[in-house]
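Engineer: Please arrange chain B on chain A, whose structure you already have, making use of the hints.
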Amino acid sequence: MPDSVPPDTLIDLRAEFAGAGLEPYLNGLDQDLVGLKPVKSRIREIAALLLIERVRQRLGYSTEAPTLHMSFTGNPGTGKTTVALRMAGILKALGFVRQGQLISVTRDDLVGQYIGHTAPKTKEILKKAIGGVLFIDEAYYLYRPDNERDYGQEAIEILLQVMENQREDLVVILAGYADRMEDFFTLNPGFRSRIAHHIDFPDYEDAELLQISETMLTRQNYRFSPAAREAMRDYIQHRRQQPYFSNARSIRNALDRARLRQAGRLMAIDGPVAPEALMLIEPPDILASRVFGKTSEPQTKDA
Amino acid sequence: MRVTQGCFSFLPDLTDEQISRQVQYCLDNGWAVSFEYTDDPHPRNTYWEMWGHPMFDIRDAKAVMGELEQCRLMHGDCYIRLCAFDSTHTWESLRISFIVQRPANEPGFMLTRQETGGRNIRYETRAYVAEKPEGTRY
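Protein chains in written order, with my numbering: chain A, 1 to 303; chain B, 1 to 138.
Simulated from the structure, these hints should not be mistaken for lab results.
It cannot be assumed that every hint is accurate.
Unchecked claim - Listed below are the simulated DSS-like cross-link pairs for lysine-lysine, each with C-alpha atoms no more than 27 Å apart in a straight line:
no.	chain 1	residue 1	chain 2	residue 2
1	B	62	A	121
2	A	92	B	62
3	A	92	A	123
4	A	37	A	92
5	A	92	A	121
6	A	123	B	132
7	A	123	A	40
Just chain A, same shape as in the assembly (with noise of 0.2 Å):
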């Protein structure tokens, strides 16, 4: 034990907590996002295991930063990009990072497109996220085995390095679906053994999807009718079925096209509408959606 550290000293995790101000963000968590029990532990877990190393750090105990860097898995829509934008306040807050931004990147963003092009991009977009967290998306994309002269790979390189080597500058998120993200980390082994922790976002529940749908209407000012909230129901066990699903995304563009409708629907009305009207979606407004039924119709992404 260090000697500065006098015996009997007792340290008030409860008041660190509460200095610290991760409260807000963590309660956040919770009532903003519906759902993600798993991922909400995780983050707690992390946030307690931060605490305890900023409080280890202060009495000496340890005294190299800690691998920060992570992977979110799962499929899309279901809130990777949201967490990482509260995982940089918690870390913002715990003070290991000490901006707080996040830059969200995919591989557009970091490769070049001719040769001398891909370093100065990357270098360009490290600078932004120094002192913050660079969130890559779809990372697996960086790499292509298929092409061996692809610029990928100079990113690549240059993104271990700095994972490696500025740790307290910066934090990297990688997100990407979870069989594909598992073939990219085991075509670039330097990734997973530089990323210290992986959480894995489970798809919603149809009845977390209704919730979500709920949420997202009344941030709009908009709600649902007791039939229409039923409808809903059922469209989001048939949406479900359909190709391209994509959870909470799916849910909200289904919600914009429910508004259209109903925008048609009271514009057909002749005569004058209840100002209620306008912040009612009845069950008509879903109803038409082409996921009922029409099977044989082909499907588009917006179906």
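Structural biologist: The following block gives chain B in isolation, referenced to the frame of chain A:
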């Protein structure tokens, strides 16, 4: 003779830690930081060479300090100054500028007098190093 241009130039040279704090202040105000270098120390030489572009969208001083390190590697024998540009409407100009590196040896300036008509005197300052061609001055 020590060249005094821009902020802080009558203070001892800032340490990297102090420069970094100033940079963070600039970034927190949303100013774009850039570096410029020259080997012509004449006070009327206002247009220095740019080191890359002004750095917009940067949040942390560490990124800027990395650029300064690169600039020092390439131009270790020049003057380097830091400029912070405020793009706010009606400002749209530099808010702060100071020297972050100077050559180890600064020979200073010669003052020449030229007698003209009516015994008037014209003065001229000329940097001793300017006698030598560009790139070999320090």
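Engineer: For every hint, state whether the structure bears it out.
Structural biologist: Structure-based check of each hint:
{"no.": "1", "hint": "B:62 / A:121", "verdict": "holds (18 Å)"}
{"no.": "2", "hint": "A:92 / B:62", "verdict": "holds (16 Å)"}
{"no.": "3", "hint": "A:92 / A:123", "verdict": "holds (22 Å)"}
{"no.": "4", "hint": "A:37 / A:92", "verdict": "holds (23 Å)"}
{"no.": "5", "hint": "A:92 / A:121", "verdict": "holds (26 Å)"}
{"no.": "6", "hint": "A:123 / B:132", "verdict": "violated (37 Å)"}
{"no.": "7", "hint": "A:123 / A:40", "verdict": "violated (32 Å)"}
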